[in-house]
Structure formats: structure tokens, C-alpha cells
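These protein sequences, in sequence, are chains R and D.
7 is the number of the first residue of the first sequence in the numbering used here; add one for each residue after it.
28 is the number of the first residue of the second sequence in the numbering used here; add one for each residue after it.
If you are wondering where the hints come from, they were derived from the structure by calculation, not from laboratory data.
Nothing here was measured: the structure is a model prediction, and the numbers come from that model.
Don't take every hint at face value.
[Unchecked claim] With a cut-off of at most 25 Å between alpha-carbon atoms, the simulated SDA-like pairs for lysine to any residue come out as follows: (1) D:Lys260 to R:Met56; (2) R:Lys396 to R:Val320; (3) R:Lys131 to D:Ala66.
In case you want the letters, here they are:
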Amino acid sequence: MTVSGDAGGAPARASFWNDPRVRAAVFQILVLGGIILFGVYIVNNTLVNMESRGISSGFDFMTRTAGFDIGMTLIGYDEASSYGRAFVVSLLNTLLVSAIGIAFATLLGFLIGIARLSSNWLISKLAEVYIEIIRNIPLLLQIFFWYFAVLRVLPSPRRSFELADAFFLNLRGLFVPRPVFEAGFAAIPIGFLVGLVAVALVARWARRRREATGEQFPTVYVSIGILAGLPLLAGAATGFPLSWDYPVLKGFNFQGGMTLIPELVALVIALSVYTASFIAEVVRSGIQAVSRGQTEAAHSLGLRPGPALRLVIVPQALRVIIPPLTNQYLNLTKNSSLAAAIAYPDLVLVFAGTALMQTGQAVEIIAITMAVYLTISLSISAAMNLYNRKMALVER
Amino acid sequence: MTDAAPAFERAPDLPPPASTVGVVGWMRQNLFSTWYNTALTVLALWLIWEAVPPVVAWAFVDADWTGSTRDACAREGACWVFIKEWFGQFVYGRYPIDERWRVNLGAAILVVCAATLFFPRFPWKAWVSVFLLFGYPVVAFFLFSGDVMGLIWVETPLWGGLFLTLVLAIVGCVFALPIGIVLALGRRSRMPGVRAVCVAFIELWRGVPLITVLFMASVMFPLFVPEGLTFDKLLRALIGIMLFQAAYLAEVIRGGLQAIPRGQYEGAQALGLNYWKAMVLVILPQALKLVIPGIVNSFIALLKDTTLVLIIGLLDFLGMIQAAGTNPDWLGFAVEGYVFAGFVFWVLCFGISRYSLHLERKLHTGH
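Start from the sequences and build out the full structure, keeping to the hints where you can.
In C-alpha cells, the structure reads:
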């Protein structure tokens, strides 16, 4: 490792110990050997410790009865369910809060990022103030603020804030109407799927025709028409078999509808407000990365502002925006683990918290929890690497 | 040709129209250039009008500043008496009141030593840096925990508040830096074994949330050490934070290593330097200089993330504020606590990030 180059082929061959390849091999064997020895030492200690504390090992506990309840479940779960079931329930809760958070953060982040670039001085300054304040305050503090200082002091159900007699916000959470799917509803999603296939076919046909003849076809508007029209047609044919179950105040609480527990609401607000400030910066730098010459060149080629934006500016800005944007999505997913601090039943609280306390099997449970987050991270970064390879500029 | 008097005297330029210069011109250009810009301006003014006066009224005009009990807070606005009464605890945690001078002294030594580094002409910079890196941690440790030279023993569960937050962030970052450098070099090594180990380590810690690392530190580390040996919660949390931060720093430093032109590596080799000499004398000084802003940014991220230690039961700054808010004598002042905590964190993080921007400009020498 001291010198590189063709040591092997040189006439004055270095002595055995000065051969870089030998040195590299010895060094690596030492490093790997050291790590393996350290690992064996730790595993050995752990086994001895677990035996002396009477902690069982293995993954049998996943099929045993958990015996605790979970405050919010997306799939059926009760106290008689197994730890495995509790794991799935809590994982779904984590994914739910991440998905909602990502949707809102993207919306808010793009809005603020574009506002930051606005030619209107006041709007641009407001966006800057938002970004600089929000991203310099710890996320956990923001979660506490929304949960303890805002949502915990809301009025009781009888004096809820309401919107259009359908949405109610109070101490117990956010009450929203629940869609009720009646027989025949399947026609609408089927219509949408058929629409997707049709759009793909139309886009292919339009591209071929453009490449062959140069004629333009308004693919975007036609696609929107197909995607909106087919489900509407299907709905009209079956008489819109969808109704809403509205929350209604009965006694001390609301009945019917869907309840979003305050923990979920606080977490979604805090995560999306916090992440939006980072996404806004990503969007701003992405748009600024496309030089002004690109816009001018597009105009001088005769593209009107609309097509210039769609065909020249946005694709180049997206190339810069998407990798760090994905990174922010990953951060949001990992940050959703702060749910444990306000007792939203996510993976960390339910599985690495309650289940760990009950079974005492720290090694297995922490390993599973870390493996879940690691799988999410690694699969998203693998997808990102593929994307980058595909989008990388090929220079001379 | 020139001796003929010009037939026409050039009239002086007219001043530009009043609507394109000065305040009016600026407003026309930046606030009311088009009809939708005007609409946006009106919207923004309305937002400011809705938000700012109530906040100012709450925080300053209607606030209570004097007194020492919650009865002093009778007015509409904020109750800053709460912050005033708990201020000592917010800063020092449950550190004994008579011993707080030790924390102050430790902080003062750090600030004075660090301040000398900001004077470009200060002659003994190298010695001060060596002391800060190797001597100061030892001095600070014995000063804070005591049990030597007549200082009484202050066990780490009593450490808390802003003091603990800064200890966690600074120690976590400083000790993670050398590990991060080694990992970054390992990741760019030509030896597949070493590279694989470093990549696995970095991706493992970067792929999981800090809170699972802290959980691991608090429940798994005790199982890793031989029976009978225990080490305290703060140390466990610090080790977790250090490993986590090292992985992030490694990626930052790798960016710097990649930005050094190939010629620098080849030049060092041509001078006959071996690997470590080439790295320490040629590559790292340049690479680290390039990534100082990146390191500062990851320090800011760590400073914000240290608040998570309250989930494993350490009373850091936010933890103390949370605890004070649940004190039966002072219920109902959570908002004041959060606003104060937010303000302190904001001043720290914003200040450091501005300094990092300044540093970036100052250090930008190009190749």
C-alpha cells in the first residue's frame, strides 16, 4: 500500500515484505481478524449476560400472545394477538405517518421553494423567514409544541372547531367523514386502471407519430381527460355507489366518521412543516441550478414559454432536485420514529418500547427494528443510484 | 472642424420618472409589478397583520416579567417569570447549585481558548489547538465530575440542561471526527476487505434513525460488556451518538477527498511519500479545509438531534423544560417553555450556520 504501480512487473522486484500486494493482504487480514475477534468477544459476553439474567433468545416470541393494546390500528388487532401482529400493526402506523407526512411536506415545500424565488420581495422574504426559523429548531421541540401546546389545549368535543359540518377538531383528535364503498364501487378504480393503460398507449402512439412526422399531439390534456373521464363514466353508469359517513356529536364524543388521533395529527403537522423547510431549499437550489441561458436558448429555438418550461427547464431542474428530495423523504421516514416521544404507536414505541420491556429480548427486537429502517433506506438509495445512473449527463 | 461652435447645445438629461426610482420605483418593481404580484403582496401583508401583532402582544406587551411565583402571572400574555425562576435548572440541570461555578469555569476555559483561535495574529495557535483537543477533555471531565483535588463528586445523572446538550453535541462531534476520517479513508481504500467493512459501518448507522441507536445504546450495550462491569447512561448515549455522527462525518469527508484533484495524490507519490504521509501531509489538510462547512452543518444537525436523549431519560435542555412544564406548581406554561427553548436553539443553530457561510467564503481559495 506504500506505492502503487506495476510492482509485480518491475525488474527489480521488491522484497517480500515490501511488496504492496503482500502488505495489503496482511493489513486486511489484521483488520478483518480484529473485527471478528471483537465480534466474538461481544457475542460471548452477550450470551453469558443473557443466561445469567434469564433472558431467552431466538425469535419464538414473535408468535406468542402480546397481551397489550395499541391505540391506533389499521388492521385487526386485539390483546390476544401475537407480537408478530403487533410488529406489523406498528410498522403500518410508521408507514402511514410517513406517507401522509411526505405528501404534505412535498406540497408545502414546493410552494415555499417557489415563493422563495418569487419576484415579489415580500413573498420571497416571508418564505426565507419561514425556512430560517423552522429548520434551525429541533424537530422534537416542534413535535412537543404541536402536541402539548396546541392540540392538548383544544376544546372538548362539545365545543369543537368545525368546518362545513363534516370536519371537527377537538381534544380527542380530528374527525373526518369516512367513505363508505357500496356494491359496484369497484367499477370506478377499474375505470381508472383502464384509463392508465389507455394513457400509456396514447403516449406511445403520440411519440411515434411525432418522431415520424414531427406533428405535435396534446398528450397531457388528453391524458388528464382520459384519467378523469373514465372513472367518472364508470361512476355515472353505476350511479356513484359511494357515500360518506359523517361524524356526529352524540353525548360526550363523536360517533361515526374517521378519527385521526391527536398524536397522529401533531406528528404529521410537525414532520411536514419541518421537512418542508428543507424541501424548499432543495427546490430553490434545483431551479437556480438551471442557467438562464437555457431559457433564452429554448426561446430562441422558437419554443413558447409553456413548452420551454416543460421540455427544457423542468427536466433539468428535476435532475438536480430529485436525489436530495428523496434524501429528505428518507429523513422524514426516519424522523417519524420521534413518534415515541408523544406516544404515537409507531414501530419504535410499540415494538422497540413495549414489546421489548415485556419480553426483555433486547438484541432480537432492536435488530429487527434497525433492519426495518435499514431495508427502507437501502432500497430507496439503491433506487436513487439507478435513477442517477440513468439521468447522469453523458459528457464528451 | 472642431472650431465651429456646435449648432445645438445638448440639453441636460431629464431626471427619470418618479415612478421608476426611489421608494416608489422599488415598490412598483418588487411589490406591484403585475396584478397577481399585487394580489400576493396584499395577501402577504394580511398574513403579517394577522400574525405579528398578536405575537408581539403576547410575548412583550401583555407579558409578565416580574415576580417569583405563578401568582405573578395574572395578565393575558406570556409568563416569563416561569423562565426566570427555572433558568438555573434549564442551564445546569440538577447540577448542585454550589458547584455550578465548575461548569462556568469549564465553559470559560473553552470559550477563552477557542476565542484565541479566531485572532489571525495569535502566536501559540498550535499549542492551544493541541490543548483543546487532548488536554481540555481531561481537564473538563475532572472539573465536571469531580472526586479529585477536593472537588466533590457530581454523578452524571445530575448533569442536565443546556450544559448536557452542549456536552453531548461537542463531545459527540469532536470524538467522531477522527473515526470519521479513518472511515472515509477506508471507504476510498483500494483494499476490498477494508472498503467493505467501512461501507457496511457507514451505511448501517446512516440507515437507521438516531433514536434506535440510542435505544440500542441504552438496552444492548450493557449486554455487550463482561458481567459485573457497568457504565453509566450518559457514556452509553455518548458512544451511540459518536458512532452515529462518525458515519455522517465520514460521508462529508469523503466528499472532500473526492474533490481533491488526482494530481495532488500523484504529486505526493512522486515525492516519495508513503500512504499515511501523503494523506496526513498533503491530502487531508486540503480535503478537511474544503469540508469545514459540511462538518459545521452536521454539527448543527447533531446539536438539534441531541434533544432525542430525553427519550432514554437524560434530562437535557429540552428535557428540563419538559420536566418544568409538568411541575405541579407551574402547570400551563408549556408554550413559554417551548418558545424559550426554540429561541435558544435558533440563536445557536442560526449563529453557527451564518459563521459557517462566512468561513466558506473566507476559505475559498480555489485550486
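Structure-based check of each hint:
1. D:Lys260 to R:Met56: holds (19 Å)
2. R:Lys396 to R:Val320: Answer holds: R:Lys396 to R:Val320 is near 17 Å, not above 25 Å.
3. R:Lys131 to D:Ala66: holds (16 Å)
Against the hints set out earlier in the document, no violation occurs for any number.
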